[in-house]
Amino acid sequence: MLSSLFLKARGYETVIRSTHVSQNKRVYLEGTVFPLDAFTFSPRLSYTPLDGTHIELPPLCYTVLNGSFEDLRDLLADSKRTEQFQRDIDYALFFANLSEDTLKAFVLLESGANPGRPLSSNGLHGAASRGQLNEICKYALNPNISMDVQDETFATPVIYAMDLNSPRDWDTIEYLFIQGASPQAKVSNYTYAQIARQKGKDDLAQKIEAYKGWVGPLYKKSVIRVKQHKRSGLVWVKVLYECPRFPNEGWNYTSYELFSELGDDLLVKEAKRMWEENRSRGRLRRSMRKGL
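For any residue, its number in my numbering is found by taking its place in the sequence shown, counting from 1, and adding 2.
Incorrect hints may appear among the rest.
As the list claims (entries may be wrong) - Derived Cβ-Cβ restraints for the label pairs, each shown as a range:
1. T193 to L77: 40 to 48 Å
2. L77 to G54: 22 to 30 Å
3. S282 to S101: 26 to 34 Å
4. R288 to E263: 26 to 34 Å
5. S168 to G284: 51 to 59 Å
6. E279 to E102: 33 to 41 Å
7. F108 to L242: 15 to 23 Å
8. Q196 to E32: 53 to 61 Å
9. Y30 to G202: 44 to 52 Å
10. S168 to S101: 34 to 42 Å
11. R233 to E259: 33 to 41 Å
In short, the hints are calculated from the structure, not lab data.
Just so we're clear, the structure is a prediction, and the values are computed from it rather than from any experiment.
Each residue gets a CB set at the ideal place from its N, CA and C atoms; glycine is no exception.
Build the full structure now, drawing on both the sequences and the hints.
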């Protein structure tokens, strides 16, 4: 469970965080890494941003922050898949997104990292803290990941997003609401608006209070490719997901899905049409070659 120690020296304040059994490396990161470390809730709500955070990290997380991609890949290959490893890799994804290293985040996900691990700083928290809406979009496609998931201090992705500068703070928070985060959620009985005001963000607080929800589809889905695997004979469909709320920001996501597992009638119809067009073009090319 979380333990923390605040230090005051030379006029600045830092916090030392210990979070894992396998810890053996200490790092120092500028600013407030874990947003609720800057708050006290009793006897009243107060906010003091930190100059820096000392964190004791397991080797996997340390490598994400300080090692190369090759170092991380080698460490993952040599690691035994234990319960401790799963905790560490889930935590490591937080730091990959925090440092905006998409390549390391990708290999961690491919190795089994859970971006929505509860009661731990996770990949979703890291993505929210950096306004990575494309990553949030991918995580939201997993029905097992809650947009209100809490870390060990009970901070939610919305709380992490509050540390962004305007207007990215509201853009990210609104996107989290669109994906299913609750605007009515509270932290230690304080609303998001109250916490935002304590941070000096009155405009953000007003937007949170006035939020009425997005009316319309969360995703516009379309088929962009249909291809049959030569060996297995399985037909794969490449689907493009677009968010109509942000049409010009490039926050799109593509996914390869088996035709037999498509759960959307419109996608099935579109995939069949594209499949027939591909076959017609193939027959036309073959007949043209025979005529030459």
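Query raised in the report: What are the numbers of the hints the structure violates, in ascending order?
Result: Checked against the structure, the hints that fail are numbers 3, 8, 9, 10, 11, while the rest are satisfied.
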